[in-house]
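> Each residue of the sequence shown is one higher than the last, beginning at 805 in the working numbering.
These aren't lab readings, by the way, just hints derived from the structure by calculation. Quick caveat, the model's predicted, so the values are computed rather than measured. A portion of the hints provided could be inaccurate.
[Unchecked claim] Distance ranges between label pairs, derived from CB positions:
{"no.": "1", "residue 1": "Asp-908", "residue 2": "Gly-847", "range": "31 to 39 angstroms"}
{"no.": "2", "residue 1": "Gly-881", "residue 2": "Ala-849", "range": "35 to 43 angstroms"}
{"no.": "3", "residue 1": "Arg-955", "residue 2": "Ser-880", "range": "42 to 50 angstroms"}
{"no.": "4", "residue 1": "Leu-949", "residue 2": "Leu-868", "range": "41 to 49 angstroms"}
{"no.": "5", "residue 1": "Glu-877", "residue 2": "Ala-1005", "range": "15 to 23 angstroms"}
{"no.": "6", "residue 1": "Arg-998", "residue 2": "Glu-901", "range": "34 to 42 angstroms"}
Glycine included, each C-beta is placed from N, C-alpha and C at the ideal position.
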Amino acid sequence: MAELVFFTGTMDCGKSTLALQMDHNARQRGLAGRIFTCHDRAGTATLSSRLGLTVPALEVRPDLDLQQLVVSEMTSGARIDYLICDEAQFYSAEQIEQLGRVVDELSVEVYAFGILTDLRTRLFEGSRRLVELADRVETLQVQALCWCGRRATHNARTVGGAMVTEGEQVVVGDTEDHALEVGYEVLCRRHHRRRVTARVANAGSLSPDVLPFGAVS
């Protein structure tokens, strides 16, 4: 039976790399699929991995009806066994529901990849609907690390190296291009809460968190 599967994790945990690998493996088995993405850091209609791999993809724009597109292609004689849907956090809730119908009504496998939360630690619309509808939600086991060495759990947007929590929900950036004024960094919860990015940490020594009461003699 076809499934809607959501693979999630922080930035830098290998979601796009896994998407490319799954597409490669499926094609090696003689299956035919379509690759979708939205706001990829490498540009429009491109799925890119931080390992340097890129493939052409279909850009998911707000007015794209994913179910209608698949039905139209299959009606025209195209074979579609699966969909790879990267950056799925940016899809609308309706588009996620369309993916669910692609699975249930057309028996096409759908593999969606995306982060859960935005710069305010709030769920993206697409991710929320995926958690609600997916047959399975898989958290990637490749651990992204905070600058301090702890497991990174939060995605932070930075401006000039300083973490910000205000602004548009969707701003394309990267975690590696330090020449960009607006970038992204993965942090552990402690340093996300304290807004201590790698650049801020290098600016001065950090004092440990203190207990909310005085010292006990």
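> Is the hinted range of 42 to 50 angstroms satisfied by the C-beta distance from Arg-955 to Ser-880?
Since the Cβ atoms of Arg-955 and Ser-880 sit about 47 angstroms apart, the hinted range of 42 to 50 angstroms holds.
> Kindly confirm whether 35 to 43 angstroms is satisfied by the beta carbon distance between Gly-881 and Ala-849.
The hint (35 to 43 angstroms, Cβ to Cβ) is violated, given that Gly-881 and Ala-849 are roughly 23 angstroms apart.
> Can you let me know if the beta-carbon spacing of Glu-877 and Ala-1005 is within 15 to 23 angstroms?
violated, 50 angstroms
> Between Asp-908 and Gly-847, is the Cβ distance one that fits in 31 to 39 angstroms?
holds, 33 angstroms
> Does the beta carbon distance between Leu-949 and Leu-868 stay inside 41 to 49 angstroms, or does it fall outside?
violated, 35 angstroms
> Range first: 34 to 42 angstroms. Now tell me if the beta carbons of Arg-998 and Glu-901 are that far apart.
Because 38 angstroms falls inside the window, the suggested range holds.
The structure shown violates the earlier hints numbered 2, 4 and 5.
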